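Visitor: Kindly produce the complete structure, drawing on both the sequences and the hints.
2 protein chains.
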Amino acid sequence: MNSSLLKIHIPRGEESAMGPGKADLLDAIEQAGSISGAARAMGMSYKRAWDLVDTMNRCFRQPLVETATGGSHGGGAEVTDFGRDILMRYRAIQHTASASVEDEVQALIALLA
Amino acid sequence: MNSSLLKIHIPRGEESAMGPGKADLLDAIEQAGSISGAARAMGMSYKRAWDLVDTMNRCFRQPLVETATGGSHGGGAEVTDFGRDILMRYRAIQHTASASVEDEVQALIALLA
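First to last, the protein sequences are chains L and V.
Heads up: the first sequence at position 41 corresponds to 41 in the working numbering, and the numbers run straight through without jumps.
Here the working numbering = 1-based position in the second sequence + 1000.
Please keep in mind that the hints were generated in silico from the structure rather than gathered at the bench.
If you're wondering where the values come from, they're calculated on a predicted model, not measured in any experiment.
For every residue, glycine included, the Cβ atom is placed at its ideal position computed from N, Cα and C.
No false leads were slipped in.
Pulled from the structure, derived: some chain L residues nowhere near chain V, Cβ distances all over 10 angstroms:
1) Asp54
2) Glu66
3) Thr69
Only part of the chain L face toward chain V is listed, based on derived beta-carbon distances under 7 angstroms:
4) Lys7
5) Ile8
6) His9
7) Arg12
8) Arg61
9) Arg89
10) Ala97
11) Val101
12) Leu108
13) Leu111
14) Leu112
15) Ala113
Guide: Printed below as a string of structure tokens:
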């Protein structure tokens, strides 16, 4: 089962501290080494990517992403050890939840037209 | 764990045949006995509710909602036995998936600021 069928959010108040889009953004920042590069790779605006990073960093006890100052869009960025831990936990949750209902979802899909 | 943290969609092509909003709409139609009443109860437009019902009815093998003709907004509507079966299966999937990751989600929530 495609784990993208399950959209899991970790709420903090009215915000989502972690969700499918933020997890993918963390992966993209690891790949690109910058928020602007990650935004480009995901086809989202730099402002949108920065807002998502800001939300994650505010919602958790420690920053998930650290940025270097300098450059037109603030230089490079990297996912912290804490951020990698959160991402790994979130991916495990996606996997476990998807696997737990794989048969039931397939049975429901069999009733589609 | 609040099962609304997990948004589960049953895809058919590019559409979502079943998801949190459609499941809640089926419940509301059972309560209200009409699409217009369900739309009012959920604070959505009649057109939006009708479109969601139309999508469900097209995506599955049998209709989930049957409407009576007549009246300004097409008279009453009821959830079919097939629709109740789909809804029950979907609710079970939501419950199982949420329960499967309850501890892991709580551990992640403990890392919030």
